[in-house]
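Peer 1: Protein sequences appear in the order of chains B and Z.
Position one of the first sequence corresponds to residue 1 (UniProt numbering), numbered consecutively onward.
Position one of the second sequence corresponds to residue 1 (UniProt numbering), numbered consecutively onward.
Derived from the structure by calculation, the hints contain no laboratory data.
Just so you know, not all the hints are guaranteed correct.
Which copy? The list can't say, so a pair holds if one copy fits it or any two copies do.
Quick list of in silico lysine to any residue cross-link-like pairs, SDA-like style, CA-CA up to 25 Å [unchecked claim]:
(1) LYS327 / GLU253
(2) LYS120 / VAL93
(3) LYS327 / GLY271
(4) LYS335 / THR230
(5) LYS335 / PRO144
(6) LYS120 / GLY339
(7) LYS335 / ASP304
(8) LYS224 / GLY89
(9) LYS335 / GLU210
(10) LYS335 / PRO208
(11) LYS327 / ALA116
(12) LYS327 / GLY137
(13) LYS335 / THR54
(14) LYS335 / ARG155
Residue strings, one per chain:
Number of protein chains: 2
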Amino acid sequence: MTSLTLVETPALVLDRGVLERNCDRMARRMTDAGVRLRPHLKTAKSARVAEVATRGHFGGITVSTLAEARYFLEQGISDLTYAVGLAAGKLDVVARLQAEGARMKLLTDSLDTLVAAEGKADELDADFSFLIEVDTGGLRGGVPPESGVLLELGRYLHESPRLALAGVLTHAGHSYHCHSPAEIEQVAEDERAGAVRAAQRLRDAGLPCEIVSAGSTPTAIRAKSLEGVTEMRPGVYTFFDLDQMALGVCAIEDIALSVVATVIGHNHAAGRILIDAGGLALSKDLSAAEFLEDAGYGLVCPLDATRPLEGVYVDSVHQEHGLIAAKDGPPPYDKLPVGTRVRILPNHACMTAAAYNSYHVVEDGLEVVDTWDRINGWY
Amino acid sequence: MTSLTLVETPALVLDRGVLERNCDRMARRMTDAGVRLRPHLKTAKSARVAEVATRGHFGGITVSTLAEARYFLEQGISDLTYAVGLAAGKLDVVARLQAEGARMKLLTDSLDTLVAAEGKADELDADFSFLIEVDTGGLRGGVPPESGVLLELGRYLHESPRLALAGVLTHAGHSYHCHSPAEIEQVAEDERAGAVRAAQRLRDAGLPCEIVSAGSTPTAIRAKSLEGVTEMRPGVYTFFDLDQMALGVCAIEDIALSVVATVIGHNHAAGRILIDAGGLALSKDLSAAEFLEDAGYGLVCPLDATRPLEGVYVDSVHQEHGLIAAKDGPPPYDKLPVGTRVRILPNHACMTAAAYNSYHVVEDGLEVVDTWDRINGWY
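Please construct the entire structure, taking both the sequences and the accompanying hints into account.
Peer 2: The structure is reproduced here in structure tokens:
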């Protein structure tokens, strides 16, 4: 193959050894907790990563788009939970995927969606299986565990000849904004307890609730108990990033993803080193800034390392330009002459990876040992 | 074709009538100023848009990646300025494009790059033509107009058997952060004067400087004089966006780009309406927030209009979820029931468009009259 010293920049790099360690650790943790791991592939969007992430578990995955569902189905993964609230207009595509062998679980918190779905099911002569989305504090999708509408949705699904009630699903997205391990533990417990409570209320009403699905990377890692939960859906743990590091759920050496860029200029008047990786190559996500003062759009490492140069970060981005600054004083012009390649640790792996169609896979070195594809877009 | 009521969401929509009006206006303005228009296609990345944007001018364009260069060359556009500081490692690709008929201008502010380029030129048996990047206040790439290194770069290029000095180029990116038309006018004059001064110094030193290239959308629109400038390179004016509107260089009806999304839930506890367009579909860019208090990640319009619902905006985004809020009180649940489609006016068109491979082209209505492709990525 080639080497990171030669690939065209900007380039997305994935360290397979780190990926495998991250995945093995999560798989063991979930096995120890007696819970099925249904990794969320929205971060990696790659069949080769799915292969690593499902090892030791049942093989089902979570997806965030129907484009992912189609791609993974083509790669032989058929147990798919589409974990974004359904728009009923997407059911034509879902029905086609099911006809091709997908076993799909859909998500909603809306009776209007179920009514529309039932109409579509008749029209398409198809059956659809739903999870009810429960809000356990994330304030995104979902009905409260104690709400009346939870039971209404459950009954509608159970009584429909075409629709099925598969269980409940929650995502404690607010775990990304916790300021201590103890706070994440509490969010994890709220997530678990809320999902289990919703399931219990459905069961108490005589409704089936086989699946109790929860999880985010922080809660999967910090949860003290997963009692009553049947599956967890973490995703970003496969790669990790500065945001997760800042949250305290990984160490810097667990970050498997980086972007290789080339130094294209020194602007001494501005006190900045310019690289050919900007807002498109790194994303404009600033999640880690909530916790890390000088993370900017990424931390800057030498090409042959994934340890950042002390205090050196991407301070600002334009579409194709990144501007490197240093915490104290001017950036290290002498260490990073024009033409040098650097490696940027991303702020938020899901957003950074989304700009690329493939990964340059390395194994603890500069040699590119493989190229893995990704599936972007929605259809 | 189809209709915006039926396309899979999220979907990128381009209004051709508005695009044509924006392009015609800029083309006339540049003609009136006696300046060549070399539109920057980094926003649109589309051959069909290039066709509209080059009308009435000489046909040359500006690109931000070599993937764009290859794509536009294949579409018959051969006069290409690659307006990102060159990494010499990219010259193999440049040489191939030139061999296939591209007439390329490259950019640098670094002697190290020129030395490397000369080595590459020998190795590849190719000639390369450069513009010297001048910093007229943007504090990104470029050498100061009064600097000694400007003349060093000019001499090196002029004396090299393989390299050529084509002129100077500047981009007043700081025009995006001006707080009044008068301030933009001043930045435009600084941009003009700096570029012209750099050209004059090269000519005074006996060096050729045919091209004096400047421009951003705000400065192209607000400049009182373009005396001495030979070409302008605005880009985002083709589509415009909330950021440009907030800067006062376009009206809301000049925004040609929007994203169609579907309402997937109502979270009354959170006071939010959920749509299936999140951080990937809209981008995480918040440029307009510098000027507009409640622009968030985009303003929300009914599907059949590009006038926003008063005070209704995308307040936050997750990877595939957007959360709609209203300025005063709860969002309009009754106007936007689950399943409704909305149109989002983007914060920053360049970043939003980058997530899509094509445009659904409309003509002042819901009917999709055409599909235009885009070229993303870098290679």
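Peer 1: At 25 Å max between alpha carbons, let me know whether LYS335 reaches GLU210 within a copy, between copies, both or neither.
Peer 2: neither (58 Å within a copy, 36 Å between copies)
Peer 1: If the cutoff is 25 Å on CA atoms, where do LYS335 and ASP304 land: within, between, both or neither? Let me know, please.
Peer 2: Within. Shortest intra-copy distance 13 Å satisfies the 25 Å Cα cut-off; inter-copy 55 Å does not.
Peer 1: Is the C-alpha distance from LYS335 to PRO208 at most 25 Å within one copy, between copies, in both cases, or in neither?
Peer 2: neither (63 Å within a copy, 34 Å between copies)
Peer 1: Pop the pair LYS327 and GLY137 into one bin, within, between, both or neither, using alpha-carbon distances up to 25 Å.
Peer 2: The answer is between: 23 Å across copies meets 25 Å, while 36 Å in one copy does not.
Peer 1: Please sort LYS120 with GLY339 into within, between, both or neither, judging by C-alpha distance up to 25 Å.
Peer 2: Classified as between: cross-chain Cα gap 13 Å, same-chain 57 Å, threshold 25 Å.
Peer 1: At most 25 Å between alpha carbons: which applies to LYS335 and THR54, within, between, both or neither?
Peer 2: neither (41 Å within a copy, 43 Å between copies)
Peer 1: Is it within, between, both or neither when you check LYS335 against ARG155 at 25 Å Cα-Cα?
Peer 2: neither (65 Å within a copy, 27 Å between copies)
Peer 1: Using 25 Å as the alpha carbon limit, work out where LYS120 and VAL93 are close: within a copy, between copies, both or neither.
Peer 2: within (11 Å within a copy, 50 Å between copies)
Peer 1: Indicate which option fits the pair LYS327, ALA116 if close means a Cα-Cα distance not exceeding 25 Å: within, between, both or neither.
Peer 2: neither (55 Å within a copy, 30 Å between copies)
Peer 1: How would you label the pair LYS335, PRO144 (within, between, both, or neither) given a Cα cut-off of 25 Å?
Peer 2: Only across copies: LYS335 and PRO144 sit 23 Å apart there, 54 Å inside one copy, limit 25 Å.
Peer 1: With identical chains, the pair LYS327 and GLY271 could be close in the same copy or across copies; at 25 Å between alpha carbons, which is it: within, between, both, or neither?
Peer 2: within (11 Å within a copy, 39 Å between copies)
Peer 1: Cα distance capped at 25 Å. Does LYS327 pair with GLU253 within a copy, between copies, both, or neither?
Peer 2: within (21 Å within a copy, 43 Å between copies)
The structure shown violates the earlier hints numbered 4, 8, 9, 10, 11, 13 and 14.
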